[in-house]
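Letter by letter, the chains look like this.
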Amino acid sequence: MSEDFNDNKTIQAQSSEAISGGGSGIATDADYVRPAEVADQDLYHGHSFITKWIFCQDAKVIGVQYFLLATFTGIIGLILSWLMRLQLGFPELVPFMTAEHYYQFVTMHGMIMVVYFLTALFLGGFGNYLIPLMVGARDMVFPYLNMVSFWSFFVAVGVLLASFFVPGGPTGSGWTLYPPQAILEGTPGSGWGIMLMCISLILFVAGFTMGGLNYLITVLQARTRGMTLMRMPLTVWGIFTATVLAMLAFPALLVGALMMSLDNVLGTSFFMPTILKAGEVLEYGGGSPILFQHLFWFFGHPEVYIVALPAFGIISDLISVHARKNIFGYRMMVWAIVGIGALSFFVWAHHMYVSGMNPWFGFFFATTTLIIAVPTAMKVYNWILTLWRGNIRLNTVMLWCLGFIVTFVNGGITGIFLGNVSVDVPLSDTYFVIAHFHMVMGIAPLMVIMGAVYHWFPLVAGRFLDEKLGKWHFWLTFLGAYSIYFPMHYLGFIGVPRRYFEMYDSPYVTSAVGMNEFISLAAFIVGAAQFILIYNIIKTLKTGKPAGHNPWQACSLEWLTPTVPPEHGNWGDRLPTVHRWAYDFSVPGAKEDFITQTTPPSEVAHTKVEKT
Amino acid sequence: MSDLKIEGYEFKPGFKGMAKDTGSDQTMFKGVHWGKAMMWIFLLSDTFIFSCFLISYMKGRGSTIIDWPNPSEVFGLHVFGVDVPLLLIAIMTFVLITSSGTMALAVKYGYEKNKKMCGWLILATAIGGLTFVGMQAFEWGKLIHEGVRPWENPFGAPQFGSFFFMITGFHGTHVSIGVIFLFIYAYKTFAGHYDEGKRGWFTTMKGDYVEIEILGLYWHFVDLVWVFIFAFFYLW
Amino acid sequence: MDKTKKQEQTSTHKIGIYLWIWGLLFVLSFFSYMVDWYQFQGMLRWSLILFFMFLKAGLIMAFFMHLYWERYALVNVLLWPMTAIACFIFLMVAEFEYTVFTRFFYFVVGG
Amino acid sequence: MHVGIIFFLVILGSVLFHIFTPWYWTDVASNWGGMDDTITLTFWIGGGVFIAVCLFMVYCVFKFSYKKERKAEYKPEDKKLEKILTWATTLGVAALLAPGLIIWNQYVNVPKNAIEIDVMAWQWGWQYRLPGEDGKLGTTKVVNINDDNPFGINLDDPFGNDDVMIQSDVINLENNRPVKILLRSVDVLHNWYVPQFRAKMDAVPGIVTYYWFEPNKTGEFEVLCAEYCGVGHYAMRGGVEVQDKQDYDNWLQQQETFSDLIAKQKILENEKTKLAKK
Ligand code: HEA
Ligand code: HEA
Ligand code: CUA
Ligand SMILES: [Cu+2]
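Chains A, B, C and D are the protein sequences, given in the same order.
My numbering numbers the first residue of the first sequence as 2 and each following residue consecutively.
My numbering numbers the first residue of the second sequence as 196 and each following residue consecutively.
My numbering numbers the first residue of the third sequence as 1307 and each following residue consecutively.
My numbering numbers the first residue of the fourth sequence as 1088 and each following residue consecutively.
This is chain A alone, in the form it adopts within the complex (with noise of 0.2 Å):
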């Protein structure tokens, strides 16, 4: 086994003699940076397939098998969607959709849309690929729990989609599975279908927290000479953040799944009072459903913010690129991030606000959710001023970051209107709701998705994506998405309410079915132009423009790895040494408008560059 180590290399190269200019003696010197604190990681080379690239230690290759996955999954539940919105638009061309259907549909789409594919892709996908790269470690500090993160992630993505097959099909009880009636018959899939969901999820929780764990501990402690905190790029403290949510949130979600479980196979009554059901009075008795509600967004709320905030990082650091300007006001995003991820805890009971929850509360959350909206504001100003005055590349990455801007914007203002107690109690379980968290949620983090699949591409594949191509398919998603999420809005004000298999004879009907026509036939296009992008990585990967070391001139460490794309241990024989921020671009008197993180200062002596 020894060989599957190169320990003795490494652990040299790390020693603080070796670090050129170093010791404390010249401790004057501008480009010291103190001596390693902990030695260099010892890392497990796969040699046999198996190890390299299926069961692999690798956190880039664990990355990009996240991604695939949640992908996939992604796939499915835009396939539900364009079932639902068949059923909503053209209902005849649907005969088979019973209501049963429609909501086991509904359900798994909000479910997948959610947990398997957004927070998935973000935290799986793109936090193993980008945080050991960012700041400058070997690896994740715990390889070996990283893979079998991934793995947990299969085998819960695999009982999610066995869940179809199971007698009675999946549970169609809404993504937030309220009890009593996820578990009562009147429910599609209220055996088989919720219990493999809640395995499902407990299993995703478990898996998650191995990797969660793994990207706290490496931002925490597994930096390379340097980085500091504040030196690290937005995306890192996105997605940190958004993992400690998710570390303090799960457990909620995974003790209300726990408990529906046992009150569905053991007959306890935690959320379950006494139930008249076809005349007869069920077993149960005593338990309060709104206990679940208020785990469920104890989790749920937080939920949310782990899918925006690594999408608030990521989008900042594509700006910022793009627009070859430093981000404005770093310290502000950060403390920004940091902010909404602690307030995000004391909002969670918004959803609730006509659940019948102690009426009181209505007071507490409507002010806590509206502070929540400075912190994210200001996020919004520093998006824009970063522009202000920059150079800006309107190539692809570009436009989905102003598409991420324009969406968020509106899905955030929505957000406003439902935060505000009063104001929530018409517009509460209507389309008007779906419209806020599709933009702000559905969209708006999917444009920073896009925006980063066409931003770090050349780095994973060594390869540009087509921009023609690319031009398409953000003009078909943006303009398709608005025009399906911005006039749904209005269907919220007539006062439909969500969740409905049809209108039939409602007065309200009659004047939403052309606006459903459209919406739908939006749908299909948008679900559609997806399929433009997984043409253009095939295409890409055998016949796209190499592109080189650091093609965009970013200032991030992962562009500097001594090989593209980089190789397990990322970092060659030595570990980068950190000196600067991650956003010197256009510095007064560079020779060029960016300087690396890793440029010592010595070297741009003459520049007007600001301490960080």
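Hints are not guaranteed to be accurate.
25 Å max Cα-Cα, derived DSS-like pairs, lysine-lysine [as the list claims (entries may be wrong)]:
id, chain 1, residue 1, chain 2, residue 2
1, D, 1162, A, 592
2, A, 469, D, 1154
3, D, 1304, D, 1332
4, D, 1162, A, 609
5, A, 592, D, 1154
6, A, 612, D, 1304
7, A, 469, D, 1155
8, A, 469, A, 546
9, D, 1150, A, 612
10, A, 592, D, 1170
11, D, 1155, A, 546
12, A, 472, A, 543
13, A, 472, D, 1150
14, B, 401, B, 310
15, A, 469, D, 1150
16, B, 310, C, 1320
Calculated from the structure, these hints are not laboratory results.
With chain A's structure known, arrange chains B, C and D with the ligands on it following the hints.
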């Protein structure tokens, strides 16, 4: 820990030190082993799990309008002709605290590289844990015998049984997992894996006595949770 | 990893401190047991239970888990998240009071 | 160039859509016009910010798109600007929050003269109960529910006897008289929602929830169930008819009370026993 030294880094105590550590490069928790930091964060997450359980229990108990059984009687034992309230629980508490003490000493001897003492103390801890699990099984058996079930309870609110089995069960699972690891680590200590830095079976990471401290953190946490369960479930 | 570790961790604490804490934990557990034995009720019971509970938890965390000797950076990271739990507890107290009120009012006493 | 134009058109289109949309809220038919006003206010402030942010972005795209010879500005921070923006936003948020909280305060405090209505939901339908002459509703229990006692009224509760029972999914309300809706469910969550009244609240099994409003337009309205409750959710409709006092009183006269029902049941039983004897 207290007199840590890192080349080129000046330590400061208190909040000043915290600001400095946080602002520094490389690590935020100075001198803290990766695995130990991981265990701490994991325990933080686990704390949230147990908190959610206990909060649910509080909410459930508070909102039922059927009387809650008096735990002092339910968990009493009849010994030598007298009813002693909560006797079994008291003994369990003492057993768990004893094992926590042995664990703390094991960690200490581990750092002193005292293989023998460390190993025996871990073994003692494991046996303490095993005793605890055994007594819990006895307690479960007794309650089940008296007719308490997760879904019903002859003494009052059915939620009593539900929460009791769920929370003590979850805690008991933690203890059992801990016991398994204690036995494994006792073996590894005696076999000298931590002295020679033998690589782990799965993780392929080199062994180090710090692993004993990591395990110790977990074990103390289990004890810590019991303190809360004892207060909220048995004494309330 | 191991190199830097080794120097630092040879220094451990005197065995006396552990034995002391150990003893204290026994004594405190005994006291909280006595709370039940003497059947204190009401606020007195609650405050005693909580007092002993927090004292015991504090001792375990501080000394057995070495938190007292850890640097503030770690301690604070571990303790601040508890504010979210505290908030959750407070709100759930208000919630169960409301629940039990509506249950009594509409299902039992009426008016 | 075209990028900026398209984004501009998107913003312009949004504004135009908002102005000319045929889809907008129904005329409010209750006292909660204040909610509409708060929404309007939020539209002004929020919409204003949205437009401002997006137009600023479009401007930047026009003005600062890539030129090889230009260099971007280097300015990591502007403390003053950030401070101004923070405070301005805080102010805007406070301006939105204040009216919202005031209305919520009205929403949770029911006026004394409101008439209580027990709305009972099940999968998938509604029925209603009004207090009788004593003005008080009797207490209930789910386990009491059967054909003879469709509302599960506690038989030993004297307030329950004269309760008016409306075993239909349509209820009549008196115009300009505040009602306190008491929601109760026998199985899962539901939500009694009339878009025109704006107000809503979930019916939760195991507890009783409430809200209130004062209808101020006569006519018929449709009740939608607004909380997912299983496959019949979308079809779980009901109706409300708001009438003037006189019509309402007429209607009320014709409704059956609980004691009527018990009496009727007794007569039936007597007849049965008589028949059996014969
Ligand atoms: C990524 C996900 C995401 C994000 C970021 C948000 C952000 C916000 N959300 Fe959203 N929300 C969801 C995902 C998300 N939400 C989901 C999934 C649901 C539904 C779940 C379900 O029921 O199925 C939901 C539902 C939901 C509800 C419950 C509705 C209901 O069911 O009745 C509420 C109510 O308060 C709410 C509020 C908010 C607020 C106030 C924000 C704020 O954070 C927004 C802050 C941002 C801005 C405000 C924009 C930028 C600011 C400016 C440009 C400054 C100027 C602004 C002002 C002065 C006003 N959301
Ligand atoms: C991230 C979350 C997310 C995303 C992306 C989407 C995407 C879409 N959603 Fe979904 N939706 C939810 C989360 C999401 N949704 C949730 C939580 C609910 C609530 C469920 C409930 O009520 O229980 C819901 C409910 C919901 C409803 C309401 C159903 C009802 O209440 O009756 C509708 C109706 O139109 C709908 C439509 C759509 C459409 C048309 C799309 C899309 O077609 C829009 C376009 C989408 C894309 C363009 C993304 C596709 C991309 C990929 C799949 C991956 C490709 C990636 C790579 C190749 C890298 N969704
Ligand atoms: Cu009843 Cu939805
Ligand atoms: Cu939320």
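*Numbered hints the structure breaks, given as an ascending list*: 6, 9, 10
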